[in-house]
Each structure stands twice: as C-alpha cells, then as structure tokens.
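Sequences are here, hints too, so could you generate the full structure?
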Amino acid sequence: MPQMLALFSDDQEAANATEALEQAGYGNDNFDILTDAPYPEGAFGERETKHKLYVFPFIGALLGLSVALLLTTATQIAYPLVTGGKPILSLPPMLIISYEGTMLGAIIFTVIGIFFESRVPNLRAGLYDPRITEGYVGITVDVAEDRLNAVEQLFRRAGAEDVLKEGS
Amino acid sequence: MQERVTRTHEEINSELLSFNLKAPMWYWGLVGFMGTLALGAAISFGIMLNRGMGVTGMNRPVMWGLFLTDFIFWIGISHAGVMLSAILRLSKAEWRRPATRAAEVLTVFSLMVAALHPVVHAGRPWRVIYWVFPYDFARGLWVNVRSPLVWDPAAIFTYLTGSTLFVIVALIPDIAVLRDRTRGVRHKIYRALALGWRGTPRQWKLQIVAGFLLSALLLPVFVSVHSIVSWDFAVNIGVEGWHATIFAPYFVIGAVHSGVSAVVTMMIVLRGMFKWDKYIRPEHLDSLGRLLIVIATAWLFFFFIEFTFALFSLESQEIALRDLQVFTWPFWPLFLAFIVLGYIFPVSMWLSRRVRRSIKWMLITSLAVNVGMWLERFLIIIPGLARKQPLTFDWGTYHPSIFEITIVVGAFGFVFFLLLMFAKVFPLIPLFDIKEGQTLADNIQVGRRSVPALRIEE
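Residue numbers (the numbering used here), protein chains in the order written: chain B, 1 to 168; chain G, 1 to 458.
Worth flagging that the hints you see were computed from the coordinates, not collected in a lab.
Wrong hints could be hidden among the right ones.
[As the list claims (entries may be wrong)] Straight-line Cα separation of at most 20 Å, PhoX-like style, residue types lysine-lysine; simulated pairs: (1) K188(G) / K50(B); (2) K360(G) / K275(G); (3) K205(G) / K52(B); (4) K275(G) / K22(G); (5) K278(G) / K360(G); (6) K188(G) / K424(G).
[As the list claims (entries may be wrong)] If we take Cβ atoms under 8 Å as the criterion, some of the chain G residues that face chain B in the derived model are: (7) H9; (8) E318; (9) I319.
These numbers were taken from a predicted model, which means no experiment stands behind them.
C-beta: ideal position from N, C-alpha, C; glycine also.
Below, the structure written as structure tokens:
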C-alpha cells in the first residue's frame with residue numbers, strides 16, 4: 001500500500017487529524033506520528049508504547065558478572081601467587097572488578113536494547129520531510145490506492161499544510 | 001520568577017546549529033591555539049620517551065608528581081556529567097536542560113585525557129598492556145587483579161564506555177536535525193549517523209526511558225570510579241596521609257565539587273562564545289550556585305574529618321606530614337590558596353544571590369574552585385611522598401620539570417581542543433530537550449489567567 005505523509009504546523013490540528021483518521025477506519029496500527037521533540041504520551045491519540053527495554057540491563061548485568069568472575073578467578077588460578085598465607089582467590093578485588101563488569105554489561109545491553117526497541121538503524125523508513133525537524137507534526141498512513149484522494153481531503157480539512165504521497 | 005524566552009522550533013534550530021553549519025574565523029584560531037598546546041605536550045612526551053623518566057622532576061621518595069595530580073584532577077572533572085545529567089534528570093529538574101550535553105561531553109573528554117596520564121606516568125607506556133590486559137597465554141603471565149593498577153582501568157573503562165554511549169544515544173535526534181539541514185557529503189555523513197531516526201512516539205518514549213535508565217546505571221559507576229581512584233592511595237599503608245578509610249567519599253564529593261564548578265565555567269564560556277544568552281540564563285547559574293554551596297560544604301566536612309582524625313593519632317610521621325603541608329615553604333602558600341580558593345572565597349560569594357546571577361562572578365568563582373581543587377590533589381600526593389620515610393635523612397622534595405609542566409598544560413589544551421571539535425560537529429545544547437521544555441512550559445488557561453503548564457519558577 002502506498003504511504004501518505006501529512007504535515008501540520010499546529011499540534012492541535014494534527015491531533016484532530018488522527019481523530020478523523022480513526023473515524024475513517026484507520027486504527028492506531030495504520031498511522032504513525034513524526035515530531036522533532038517528545039510530546040506527552042497520547043497527545044495525538046496514539047496508543048501507549050509497550051517495550052521490553054527493562055529486560056536488557058538484567059541480561060547484560062548477568063553476562064558482565066559472569067565474564068568478570070571468570071576473568072578474575074581464572075587469572076588468579078593460572079598464576080597462583082600466595083601472599084601472606086592468604087587464599088589464592090582474593091575476594092575484595094574480585095568484588096571490585098565483578099562490580100565494574102556487571103555495570104559495564106548492563107550499560108552495553110541497555111544501549112543495545114534502546115536501538116533494538118527504537119527500531120534503529122532503519123534506513124528504509126518510508127516517507128519523511130525535513131520540515132518535521134523544524135517543528136511540523138507529520139502523520140504517515142498506509143492508504144489503499146482507491147482511497148488516496150479521500151484521505152488527502154481528510155488531512156486538508158483537518159488543517160494539513162502539505163500532503164505528500166509515496167512516489168509523488 | 002524565571003525569565004522564560006519562547007522560541008519557535010525553527011529559531012531554536014538556527015540559533016543552536018548556526019555554529020555547526022558555519023564556524024567563524026576566531027574558532028579556527030582557538031582550535032589552532034589549543035591544538036598547539038596539545039602538540040607541545042606530545043613533543044614533551046616524545047622527549048620523555050627518548051631520554052627516559054630522568055627528564056621529569058620525579059625522584060625518590062617522590063615518585064608520583066604532576067602527572068598523577070592531573071590524573072586525579074581530570075577524573076574529578078569527569079564527574080560533572082553524571083552529577084548534572086543523571087541526578088538532575090532523575091530528579092526532573094527543569095533547569096538542567098541547557099547544561100546536560102555539555103556536561104556529558106566534558107565527562108567523556110576529561111576521562112579520556114585522565115586515562116592518558118597514568119600511561120604517560122608509566123614512562124614506558126607499552127608496558128601498561130602487561131599490567132592491564134590478561135593476554136599473555138604463552139608465558140602464563142597474568143595481570144594481578146589484587147592491584148589497584150587493574151581496578152583503575154576497569155572502573156575508568158566502564159565509566160568511559162557508559163558515558164560515551166550516554167552521549168551517543170541522546171545525540172541521535174539532534175543528528176537527525178543536522179541531517180535535515182545539511183547537503184552534500186555532510187548530509188550523507190549525518191544521515192548515516194542519524195540511523196534513520198524519524199521521531200515517532202515509540203522512539204521518543206524509548207529516548208526518555210533510556211535517559212532515565214542510563215542515568216540510574218551510570219550513577220553507581222560514577223561513585224565507584226572515584227572511590228577506586230581513592231583506593232590507589234588508601235590501600236597504600238606505607239604513606240602517611242593516604243591510608244584513610246574516609247578517602248572514598250572524600251574523593252567522590254571533591255570530584256563533584258570540582259566537576260560541577262567546571263560545568264559552570266564551561267556554560268559561561270559557551271554562552272559568551274556562541275551568544276547563547278537566551279538558553280544559558282542567569283537563573284541556571286543561580287541554581288548551580290545554590291547546588292554548589294551544598295556540595296562544597298559537604299566536601300569541607302569530609303576534609304575536616306580527614307584532617308582531624310589524621311592529627312588525632314598524634315603519630316610523629318603524621319604530624320611531620322601535616323607540618324609540611326600547612327606550615328612549611330613552599331607548601332604553606334599552596335595550602336592557603338587551596339582553602340581560600342576551594343571553599344572560603346567561592347562559597348562566601350555564592351551566598352549572595354546577586355553573585356550567583358552574575359556571569360562574571362560565577363566565572364571567577366568556578367575557576368577559583370578548580371584552581372583550589374587542583375592544589376588539593378597536589379597537596380595530597382607530593383607532601384605525602386616527601387615524608388614517606390620515618391627517618392629524616394630519607395625525606396625529599398619535588399620540583400616539576402618543564403616537560404611535566406608542558407604535558408599538564410597540554411592536557412588542558414587537549415580537552416578544550418576536543419570540546420571545540422565536538423562543538424563544530426554536534427550541538428552542545430540538546431535541541432530536543434530545549435524544545436520539549438518549551439512544549440511542556442506552554443501556557444494553559446486557568447479561569448481568566450494564562451499560566452505555564454509546567455511550573456518552572458525558582
């Protein structure tokens with residue numbers, strides 16, 4: 001289905017347009033909002049975003065802890081240096097390095113999670129217009145060929161300053 | 001009442017990106033000057049490698065000199081980013097918005113430069129690899145995980161990686177703005193770096209959650225880094241004045257004190273250089289000034305405890321060290337300068353609202369803090385080592401050589417060089433954060449009154 005992008009200079013008009021889209025039978029899954037700054041969730045009638053980002057740091061932390069424990073244990077056992085009759089495995093330094101390893105793993109996996117859940121990199125993302133980063137609110141919607149004109153009229157009535165169609 | 005300045009998104013873009021799109025001539029002059037300082041340091045380091053550590057002023061018993069003083073100083077400065085960005089983000093302080101990016105970038109570059117200092121100090125930098133990386137499978141030689149020489153790189157690597165990723169994640173939406181406002185090769189580069197960012201509600205939600213999540217993850221790392229750096233000293237039982245259990249919190253709060261002051265200095269410099277007076281306003285400095293009074297006083301408390309308990313033991317070696325620090329030439333004027341510049345002068349000034357809102361006085365006081373805090377690190381390291389031995393004929397002193405001074409000055413030049421280069425390529429004030437703040441602060445109608453939706457008064 002071809003995609004259509006409507007540009008609004010007023011966020012209230014954009015919110016009205018999404019309402020009109022829903023009334024015309026286009027649900028939340030059919031359209032997307034493009035803005036240059038975060039708006040309060042649901043400002044344009046979009047559904048709450050669900051994500052699993054909070055799982056990623058836990059996985060990373062576990063992996064980081066495991067690698068750090070392995071590294072500190074293996075290096076001490078591989079070169080067993082007895083100091084003052086104390087055990088070969090010295091726990092306080094192992095704690096320090098394990099702590100850093102855990103945090104490093106958690107941070108790296110969080111960033112991987114951010115990219116994964118944000119769906120980036122995404123170099124074939126569809127219609128876009130540079131005016132969006134100048135403050136315009138963009139609404140993209142997948143429209144069947146035979147309804148292109150009707151949806152364009154819907155956007156124009158809601159106050160769209162410009163409507164772009166895929167391939168136009 | 002805060003002075004609200006309403007700008008359109010287009011105006012925010014053009015004002016905050018004008019420097020990225022076309023830099024004035026003076027910028028290149030400044031880059032050249034800072035680059036020359038860094039080059040001077042590189043040449044000195046080359047001479048040091050060629051002739052050996054004898055060209056420095058370090059000698060028995062003072063084997064740690066300016067390099068490690070500077071190392072601790074830059075690690076301290078690096079605490080600015082997390083302190084400002086993470087804590088203020090988690091506490092949803094509105095006035096953080098123009099300061100976060102600059103603070104985070106300062107963290108990354110100062111940490112990079114800090115990490116270079118122990119490598120320079122090693123004299124034979126390639127040998128650092130033996131100490132840090134467990135790589136020598138053939139000879140069965142492994143790093144000694146019981147040594148702070150391994151703890152430090154582990155902590156710094158974690159903090160540097162985390163801070164860098166923190167900056168990168170928050171940069172993506174602003175890179176998309178640059179992508180949309182450039183042409184040719186620059187457009188292609190920014191398009192690749194923007195990773196196809198479109199600004200969907202999902203992406204914005206993840207961006208906000210990421211800010212909170214990474215802040216929460218970086219906070220414990222930030223505390224651990226300077227604690228571990230302090231243990232370089234504190235686990236050393238052979239040097240009076242270093243073997244103190246209070247060193248970890250004392251170092252952390254000292255780092256926050258110097259780091260936040262450095263951010264104030266940088267914000268004022270940026271405001272002057274890029275004419276960002278609509279974005280970095282007196283009320284931001286006022287808030288930072290009030291925060292600094294609390295931080296500085298907490299730091300003074302730890303300093304007082306550390307000093308008092310050292311003297312409480314009445315050990316002759318400890319008293320000899322404190323006598324050297326406080327009453328003996330050439331350290332007494334440095335000690336006096338440290339106390340006056342690090343606390344008495346700035347804090348007494350910050351008590352005045354007029355000073356906190358004065359660009360000139362905030363610049364002077366924040367610079368004074370960092371001169372004072374640099375001296376603090378110097379006075380911990382040098383006198384401690386000079387009185388390390390129990391017998392007086394083993395006492396020594398230290399005179400830094402021109403090579404060490406050049407490298408220290410060059411390190412300052414290198415940090416500013418990197419900051420200037422970053423400012424040319426990426427915006428130092430987060431555009432989307434400013435726009436979000438403005439969106440949230442838009443007026444709403446309450447009865448017959450129009451009031452800001454978000455309360456941003458003092």
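Tested hints:
1. Taking the CA atoms of K188(G) and K50(B), the gap is about 32 Å. The hint is violated against a cut of 20 Å.
2. Between K360(G) and K275(G) the alpha-carbon distance is near 15 Å, which keeps this suggested pair within the 20 Å criterion.
3. Straight-line distance between C-alpha atoms of K205(G) and K52(B) comes to about 12 Å, which keeps the hinted pair within the 20 Å bound.
4. With a C-alpha separation of about 14 Å, the suggested pairing of K275(G) with K22(G) holds against the 20 Å cut-off.
5. Distance restraint check for K278(G) and K360(G): the Cα-Cα separation of roughly 17 Å lies within the 20 Å cut-off, and the hinted pair is therefore satisfied.
6. The suggested pairing of K188(G) with K424(G) holds, with an alpha-carbon distance near 17 Å, which does not exceed 20 Å.
7. With a cut of 8 Å, the hint placing H9(G) at the interface with chain B holds, because the nearest CB-to-CB distance is about 3 Å.
8. Proximity of E318(G) to chain B is violated relative to the hint, the smallest CB-CB distance being about 25 Å (cut-off 8 Å).
9. Hint status for I319(G) relative to chain B: violated, with the closest Cβ pair at about 30 Å, above 8 Å.
Of the numbered hints listed earlier, those contradicted by the structure are 1, 8, 9.
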